[in-house]
Amino acid sequence: MRKGELSAIIDLNEDDAALAPLTTGRPIGTLPFAGRYRLIDFPLSAISAADIHSVAIFMPRSARSVQDHLRSGATWNLDLIQGGVFMFPYVATRDYNDASLRARYYEDYMQFLRMSGSRYTVILGAKNIANIDLNAVLDYHRAGDSPITAIYKTLPVTELGAQELTLSLSELGTASSVLPLSARHLGDAAKVAAFMDGYLIDTPMLIELLDAASNGASFRRMPELLRDAVLANNANAFEYTGFLARVTGIQQYFAANLAMLDDASYQALLYSSIPILTKSKNEIPTFFARDSHVVNTILGTGAYIEGSITHSVISRNVLVHRDAEVVDSVIMQGTKLSIGASVRNAILDKGVVIGPNVTVAGTPEHPVVVPKNATVYQSIEEVPA
Amino acid sequence: MRKGELSAIIDLNEDDAALAPLTTGRPIGTLPFAGRYRLIDFPLSAISAADIHSVAIFMPRSARSVQDHLRSGATWNLDLIQGGVFMFPYVATRDYNDASLRARYYEDYMQFLRMSGSRYTVILGAKNIANIDLNAVLDYHRAGDSPITAIYKTLPVTELGAQELTLSLSELGTASSVLPLSARHLGDAAKVAAFMDGYLIDTPMLIELLDAASNGASFRRMPELLRDAVLANNANAFEYTGFLARVTGIQQYFAANLAMLDDASYQALLYSSIPILTKSKNEIPTFFARDSHVVNTILGTGAYIEGSITHSVISRNVLVHRDAEVVDSVIMQGTKLSIGASVRNAILDKGVVIGPNVTVAGTPEHPVVVPKNATVYQSIEEVPA
Amino acid sequence: MTTEMLGMILAGGQGTRLGKLTRTTAKPSVPFGGRYRIIDFTLSNLSNSGVNTVGVITQYQPLELNRHVQNGASWGLNERSAGVTILQPYAASDGEKFFEGTAHAIFQNMAYIDSYNPKYLLVLSGDHIYKMDYRRMLAFHESKKAALTVAVMPVSKSEASRFGIMNTDDTDRIIEFEEKPAAPKSNNASMGIYIFNWATLRKYLADSNATDGNLEDFGHDVIPAYLAHNEPTYAYAFHGYWKDVGTIQSLWEANMEFLSPNNPLNITNRNWRIYSQAEALPPMMLTSTAKVTRAMIVDGSYVAGTVDHSILSQSVKIGPGSVVTDSMVMPNAVIGKNVRIDHAIIGEDAIVGDNGEVVGTADDIAVVGYGEAIGRKEKA
Amino acid sequence: MTTEMLGMILAGGQGTRLGKLTRTTAKPSVPFGGRYRIIDFTLSNLSNSGVNTVGVITQYQPLELNRHVQNGASWGLNERSAGVTILQPYAASDGEKFFEGTAHAIFQNMAYIDSYNPKYLLVLSGDHIYKMDYRRMLAFHESKKAALTVAVMPVSKSEASRFGIMNTDDTDRIIEFEEKPAAPKSNNASMGIYIFNWATLRKYLADSNATDGNLEDFGHDVIPAYLAHNEPTYAYAFHGYWKDVGTIQSLWEANMEFLSPNNPLNITNRNWRIYSQAEALPPMMLTSTAKVTRAMIVDGSYVAGTVDHSILSQSVKIGPGSVVTDSMVMPNAVIGKNVRIDHAIIGEDAIVGDNGEVVGTADDIAVVGYGEAIGRKEKA
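Chains as they are written, first to last, in my numbering: chain A, 1 to 385; chain W, 1 to 385; chain U, 1 to 380; chain X, 1 to 380.
Please keep in mind that the hints were generated in silico from the structure rather than gathered at the bench. Don't take every hint at face value.
[Stated by the list, open to error] Once the Cα atoms are required to be at most 25 Å apart in a straight line, the calculated DSS-like pairs of lysine-lysine come out as:
hint, chain 1, residue 1, chain 2, residue 2
1, X, K291, A, K336
2, X, K203, X, K119
3, A, K279, X, K317
4, X, K337, X, K317
5, X, K119, X, K131
6, U, K185, W, K279
7, U, K157, W, K281
8, A, K153, A, K191
9, W, K336, U, K144
10, U, K131, U, K144
11, X, K203, X, K145
12, W, K336, W, K279
13, W, K281, W, K372
14, X, K157, A, K281
15, U, K203, U, K185
16, X, K203, X, K20
17, X, K203, X, K185
18, X, K157, X, K119
19, A, K281, X, K317
20, U, K317, W, K281
21, W, K350, W, K372
22, U, K119, U, K157
23, U, K131, U, K119
24, A, K281, A, K191
Excised from the complex, chain A in its bound form (with noise of 0.2 Å):
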């Protein structure tokens, strides 16, 4: 591809009610992922992988674990002279309410898009964990009638939430809308075309989009404008097949970092042809001690491990202490395992410090949150339902 013929926009203020407590400070970009990574690398690597250059990101309200975590761009080639990440603060729907103002943010928007010089613009949000190849959904869009792409991928109509995005899909294979579950008719069908919060647009129609919107009488954010766009247009239907993992709420993240011990997942998610790029940290080596005992596990860098591990996800710098296990659960970095602890089917965010001898114990359908800095010396126990 030319350089400069994509841009990209990644939206990250995403509903994250469902994620409480571990949305509290950060966004669903932010979120840790394998050990390793933040939802946010997955578009950011998407989008660097497509030689995009040029990259908006919509702040969410709370924008320094995005800042912390993007820095220059350097890490995903954002850096460059020719394109670079412009963030755009965080705006409450109350200074939307503001036609001036509304109509200066809107501007913001539409001058980045021009001075990109690209033809077309790429939207990603960050709940979505894939490994999307957008040289592929350009090369659709190209071979398309429609000046806007929607990307979805088939699933069993069992795995989506009501209220969950999907896409009608015509028999000519475009979109004609993008309705919650809940809103459609689907008969007896039993897949269904999930929306992966995913386009790629002719750049002077978004432009004529967020003008006209700039000018409307009250105020709609982004999202719905390419919904009505894509009601207005019909869109292109781009099915991904790859790798899926959705984070809707507390159980869907959980089961996601679990998938990654699958091998299969795990390949398929992180030694696809698109590398999936992060910020680079300057940790020491993971350490096992004599007496460790780590199956079916993933790890990050930094780790020191004495106690016993099995089919958990790891981040870095966290300690395990002797005598400790921790089973069927997901650890953030910085998490402390005193002698003796105890943990199943649970999620400790980051920094947390579990006592001695402590058990924190969840069910795999209702896992424990122990929130970010939390010191925890008491046991808590979830009974099987």
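On the provided structure of chain A, position chains W, U and X as indicated by the hints.
Frame of chain A, contents of chains W, U and X only:
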């Protein structure tokens, strides 16, 4: 100095009402200066020369021009792994009134300071154009008794407006308070210690101040906290003796630019031991045509000059067509003067177009300001009072 | 890691014909046009053409070139796992690796090239002033299914005998190559720009190394070998401004052409920018005694004298009473008071003391070397 | 531009005593400790000591070292007008500049050094494992008003005859230098770390070059010359972990020492980090058949076998049924099924096929070279 011994904060929330319309879409910090710079280049260059690698920028309401200018911070060596530029989003006063939000913002600042690992923190604004040797300030601070040092320059009383801040100096040479000129009892003193909005403070003390403010009953912004700290501790008062221009209004901004045509000021500010670093642009050389006549003028690159220019400051990419003349004026980037146009005692903001044979003329005391991207087809003449 | 087309710039030559200007620096790092160095044109062409992986082969006085190129960020050539690499001579367990000729230099850097596993190798010189979209040449190369494509441009019959001339059939296939022919049969002059299928070239170079080592130079050895073996070799015709700046005279001419507002290079075109490393220098200053016409001036320069039909590079000082005409002044040169400079090139960091004279003619350009001091200051 | 103390790393040696490990790479870029390369320790020491301008002199197989160091950003050594520069051999108008010895290499790069106009020159080796604050050594050098300070560390009397030994008076002034003495008079072994006043050294080297050119090596020539001329030369005593990893045996030992939780190098100390270039690799995976004890493992590795008392670098694969003990495995090595590796160093990109055996002893470490394939895969 040791790497990491100092961190810095640049506060771009400066009162810019007196500089409208130049500050409609940008803070004082990104006002163009001397055909080449933005005002924020001066504090950033002082910071860079002092080997400071961690800088927090308190962003103004209009953040885009700041982001565009700073990018990764590489220009000022702020992209090293041991440091970085951390942009703290603009906070509306109404949000500060919410105690929990307020606590979060202060926590962000404190975390920056803790992570920097610095022993001292420099705090600067952008509206004092100067080249401060921060190593000298640090040496002075260490030799002093107070945990806080305030930076001032001795100026004639007549040069200060009533609301401008001054230091009350004790006989010991310390500053006992920071007060507006109008609140001082100066008697017949001809000179005054003009405060330059610059502090150097022990980092642990700054963290304490923020921590106390975070738990306080009502909201106090950082400048107020610092002034209170001077009152409570007295401050070491560091006297700056180099070039200083204070951009407190249109007239001062105009005069500061034209002051650069004085060779002594030009050398003092731009060729001192502190190189003024600015984002580099890939501009072509400035071209002077056969009949051009340019004297006593500084120019940026990428300009194309056919007409005549006298005693003016011309930014990059300015077009001055034949028979056009510029006298005693400040012309920002991308401005175009059509054939026969005449501009005197004026400030033309970015992208202005002056039509053929149109005259724009102010007075030295009241320069005409033509706002960004305006097209002027009718002459504007300010009659000298 | 696979790169479709890898760029290799041959920047190793000493540039002896540039005399004093290249005594301590490599030719590609010689300043040009006020704010550029010669290699900027090739690097910008690569960046604008989307060739994001580039090796720069150098061996002669590379320090300044190294400092100029750095990590390639000035040209947007700093992508991770790509970008610019400066390749210098080195030692290996089988001996020291100085480069004996253009093709030999490529051979010696085979490990670098192989690490990117390129399909095509784009071989360039670092000392030409031009704008060219290498993607178009690659599209031509692919459409012809060529093993080698050589960029050519038409030159006048009288000039043709100074170049390598490519005689083609009516499909643009090269059927004959004549180096500096006394009686040229065509006017397709080689521009020293080649696209090779790397697998084929690699085999030729490896075979040569294993046997008689006779493939040292592309023009002299490799093209004839390709023609002899009937490899599909094509000529890609370029139409546009192109100038080899290998001599004092041509360097001066190219600068004077650059100064023309009608310069066919069209330097103002923002769709094909020429990038360079940009230092943060103060704005240029023209004092009350300055008189500047038909001139290009850049940041950091200070002009108190007269400048006509000349180019001043960064941080040049021209004292009052001095007159500079039809000349090119390189960065940091200091010209004192009442100096006369005419038809001259003044080297970087040179000093011309008060009342000095540096006067050449259109056919015999005067040169002051890098850091050379002439006139009154010389005595100090 | 003025730099107080400029760092120069001598990274040119072929490292022949590392045998197969340095056939295609320079010694300083040999992997160490799982996620480092040897030169990381020196570069991190420089960065942590605030020495932000560093030349790395290399001439043997520098490609991998170049790629590793890049623009120095991984160590925070990428400040504008400072940072790391790789210095390779080059040609000048007076000939080609390969480096004949440590002091000669400094002399050949005089133009680079002069461009920073340093007061002090810190000369280092690129192949030692240690943590050291060079600021303290500089403070010592300044307090002694020395022309040269040599860092020394105490070694046992039995070892002393393998080193250059500095005999000092009670002010730490060096009064005698013995290279590998049979009967050492003291146990102050030179660590090959020098702080020179550049002006003085520059004069010695220039004079030598202008006359007999006899100052080729620091230990052999320059220190004796300084002592002979009564230049104030001092020994700075270092106490801490320091290891020359110039042989297979010492490289293996240093890795095994690194593996100890009580390693005096204290790698976990965040106040003196050892930085390295960090690739974005997937997390390490230990499968259900893994058994890992007393081991260090890093990103991208995949372990289905048994690993005890060993270090695995990036992207190492250990197949099921394989047993790795008392060994160091370098990046991207692939160990098949049912392999036995004991007391061994496995080179980068090496392949040990199913059922293979690589078994050494504590006194005779087995080595598989870079990219070498042994066992079943060898036949492919």
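Here is what the structure says about each hint:
{"no.": "1", "hint": "X/K291 / A/K336", "verdict": "22 Å, holds"}
{"no.": "2", "hint": "X/K203 / X/K119", "verdict": "13 Å, holds"}
{"no.": "3", "hint": "A/K279 / X/K317", "verdict": "24 Å, holds"}
{"no.": "4", "hint": "X/K337 / X/K317", "verdict": "10 Å, holds"}
{"no.": "5", "hint": "X/K119 / X/K131", "verdict": "24 Å, holds"}
{"no.": "6", "hint": "U/K185 / W/K279", "verdict": "53 Å, violated"}
{"no.": "7", "hint": "U/K157 / W/K281", "verdict": "42 Å, violated"}
{"no.": "8", "hint": "A/K153 / A/K191", "verdict": "10 Å, holds"}
{"no.": "9", "hint": "W/K336 / U/K144", "verdict": "48 Å, violated"}
{"no.": "10", "hint": "U/K131 / U/K144", "verdict": "23 Å, holds"}
{"no.": "11", "hint": "X/K203 / X/K145", "verdict": "18 Å, holds"}
{"no.": "12", "hint": "W/K336 / W/K279", "verdict": "23 Å, holds"}
{"no.": "13", "hint": "W/K281 / W/K372", "verdict": "20 Å, holds"}
{"no.": "14", "hint": "X/K157 / A/K281", "verdict": "42 Å, violated"}
{"no.": "15", "hint": "U/K203 / U/K185", "verdict": "31 Å, violated"}
{"no.": "16", "hint": "X/K203 / X/K20", "verdict": "40 Å, violated"}
{"no.": "17", "hint": "X/K203 / X/K185", "verdict": "31 Å, violated"}
{"no.": "18", "hint": "X/K157 / X/K119", "verdict": "36 Å, violated"}
{"no.": "19", "hint": "A/K281 / X/K317", "verdict": "22 Å, holds"}
{"no.": "20", "hint": "U/K317 / W/K281", "verdict": "22 Å, holds"}
{"no.": "21", "hint": "W/K350 / W/K372", "verdict": "5 Å, holds"}
{"no.": "22", "hint": "U/K119 / U/K157", "verdict": "36 Å, violated"}
{"no.": "23", "hint": "U/K131 / U/K119", "verdict": "24 Å, holds"}
{"no.": "24", "hint": "A/K281 / A/K191", "verdict": "41 Å, violated"}
The earlier numbered hints that this structure contradicts are 6, 7, 9, 14, 15, 16, 17, 18, 22, 24.
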